[in-house]
Amino acid sequence: MTAPNRLHWLTELRTFAREVIAARTSSFESAGAVPNDVIAELGERGYLAAHVPEDYGGAAVDMTAYGEMHGELGQVSSSLRSLITVHDMVAETILRFGSEEQKHSWMPQLTSGRSLAALALSEPAAGSDAASIDTRATVTKDGYRLSGQKSWVSFGQRADVFLVAAKLEDEGPTVTFLVPRDAPGLEVVPVTGMLGLRAAMLAELHLADCPVPAAARIGPEKAPHGLVIGNALHHGRYSVAWGCVGIGQACLDASLAYSKSRHQFGVPLEDHQLIKRLLTNMITDLQAARLLCERAGERWARRDAAAIQATLIAKYFSSTMAHRVSSDAVQIHGARGLSEEYSLERHFRDARVMEIIEGSTEIQQLLIAGYGLRMANSHGGA
Amino acid sequence: MTSEAIQNELLRFVRKALGPDVAPETNIFEAGATSLFSMELVMFIEGTFSIELDDSDLELANFSSVAAMTQLAVGKTAPR
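Taken in sequence, the protein lines are chains W and V. Residue numbering for the first sequence follows numbering that gives the first Met the number 0, starting at 0 and increasing by one per position. Residue numbering for the second sequence follows numbering that gives the first Met the number 0, starting at 0 and increasing by one per position.
Keep in mind that the hints were calculated from the coordinates and are not lab data. The beta carbon of each residue, even a glycine, is placed where N, CA and C say it ideally should be. The reader is advised that the hints may include incorrect statements.
Unchecked claim - Now the stretches of chain V that chain W is said to cover, found in silico as 3 or more residues with beta-carbon under 8 Å:
1. 15 to 22
2. 31 to 44
3. 55 to 63
Bound-form chain V, shown alone (with noise of 0.2 Å):
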């Protein structure tokens, strides 16, 4: 999966929840995004991209927006 399509998958999903104006670089938590749905957003990385997150990548700078949390997946699921 390309980083553009990864940042659409979560786009969509952040969008359909905090509403049509988030933009990739809007901070999440200032759009209203709660505690349930931090917990969504981290199974549904988890299950869309097929990643597993570890304790360090659980921290608040990784989920702050669209474009950070689509650089931590697709640092997840490069080759190494």
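Chain W extracted, bound-state conformation (with noise of 0.2 Å):
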């Protein structure tokens, strides 16, 4: 995509968001569903797997620009943006361990919203823990029979097909399958009443007996341990990231125009040392994340294998930002930041999501110390 073409993209994707979303995503939380419409004109858009080649049905922006369309949609509705980072999550798995055929068959389906796609991945007694998942797929004359229990599979109301993640046989490696909605013994359960994320469309599946064609399979059956899965995290990890940035950037806007126009004790908050304390560490917490989202994309873009480590500690710092500084925008507002009348309750409760999809808080610590470590031991400095 050229610079004109890609400044172009940007700026229809944020009257999109802004003109567009923003207006509806009260009504996307209080249904509890995304709609069908706003997910065909994500299609139409170029919106759904937009980092995808064009060769394959894509928009090919770069990482970047990827990045800040997370950021963008992460402003409006944390619900949408999900259901492009489950959608795109499943999109770069098959872009990056699909044969040409699968890509070919799957990809234009993806990038043009004909299909939704869901991640299943976490189960009831597995979440951190990934490699402990219990679902088994079986290897008989035609392929495979997949059987177990997928938890908390965002838009799985929804999606038309999903990446499951397997063990082959009892004690093998952890395999991909896309399995579509009505593969037989499939069964896919609504799950409701959730903090935040309420238009996520959540769901969990029963695979019982699950029959799955040899083609269903994404990568090889014996890949390097946890590199497919991996690489789908990585993806969402990234998008998550940006997504943050974007609550906090909602939250920091709100909170400046409010600081404003609201007076207390004869003068307007923003004269108030104590909010102007709150104000300045939510600038610097916010411009901070936006820097390391964008050394992380930066590296992804050049396939720079420090990208790994770029993108845990984005993800790590943004979703920890959007927490803090969601939570300082309530403050500010008083009452107002409690209301369902203001976005800000819903930043607040989604910001809390982000701490824990796509790798915990705690998960993200261990590794990123884990990386320091082991850089330390080799030359003395992560």
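Take the two lone chains, each set in its own frame, and fit them into one complex as the hints suggest.
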């Protein structure tokens, strides 16, 4: 994508987010769903799997522009941003590990939105410890049979196809399969009542001897440990990190405006030093998160191995930043910050979710510290 | 880039992560390579040697040791 095209693409996206999506976000949340017409428009506008090369129907946007898209959408609807995140995690997996035949078969469907995809990894007994999943893939004459249960599948209620992670036989490696929603033996059970991302249409999947053909397997049967799912999670972390920058930006913008318009003790809030301290922390926190996201995107764009570490740091910092900044925004707004009539309580609830999905804050801390210690052993610093 | 130069680059990268005792034939997963390191390796090989690994290259056997990765990279960089 050329620089003028990139600018035009981002400008159109910004207008779409602020003029079309922002007006409907509350209705998504109260209905607990992103409507089909919005999903169709995402596909028509090229916002689904936008990083995918044009040969496969994508918009071929660079990773920084791709991140900025998630930041823009994160400002108006984290649920909608999450839809793109999980859909794109599946598209990225097919792009990276699929055969040419699989890419040509699936990518046009995913980039156009004709098929919506979701990732099925977590299970009742396997969250952060993803290697301990119980779902099993048994080899059959024609392919495989899948049995197990998947939890917290974002957009599981709506997805047309699932990327399901399963252990090959009892002690084998983790393998991933594309399973269509209407596959025999697959039952989708809606999950409601969540704290945040209330329009993310969560579901459980119950797989009872669900037959899938050999061609449904994405990636080799024996890939390096965790490579396929790790790559999907890496993509998701990058997207979530930018989405958190969006939450932070929305909270900061609202807080700056409110600090000017709201008067207490005869002066605007902005003249109170304790409010200025909160604003200072919000501005600095947000800018640091944005810079970490940009750094990760630049490294990823040039296929630098350090992109893995940079993305972990960006996700860790941005998600904790979104929590801090949204909490401060609620504080500045007082009772209005607690009301559903304003968007801050939604951002505050959604920000809390970001510290758990695509690797909890604690998992990021373990991985980042482990990387630092590893580098210190080799040359004295991370 | 010669096969020896490729192996040396790979050894340098792997030893930085897994320690100085890694030899070309050492099984890196038995030596502590994680899923994150697997991802770093793929990006390192593609970025350093200007090659693109496709789905059939991403077999465990091709990444089990520096010697195996060298063979993979040499095969992908060789004129066809």
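**Asked** Count the residues of the segment 55 to 63 of chain V with a beta-carbon closer than 8 Å to any beta-carbon of chain W: does the count reach three?
**Response** holds (count 6)
**Request:** Confirm or reject the coverage of the segment 15 to 22 of chain V by chain W under the rule of 3 or more residues with a beta carbon closer than 8 Å to the chain's beta carbons.
**Result:** holds (count 3)
**Message:** Can you confirm whether chain W covers the segment 31 to 44 of chain V, using C-beta to C-beta distances below 8 Å and requiring at least three such residues?
**Reply:** holds (count 11)
Taken one by one, the earlier hints all hold for this structure without exception.
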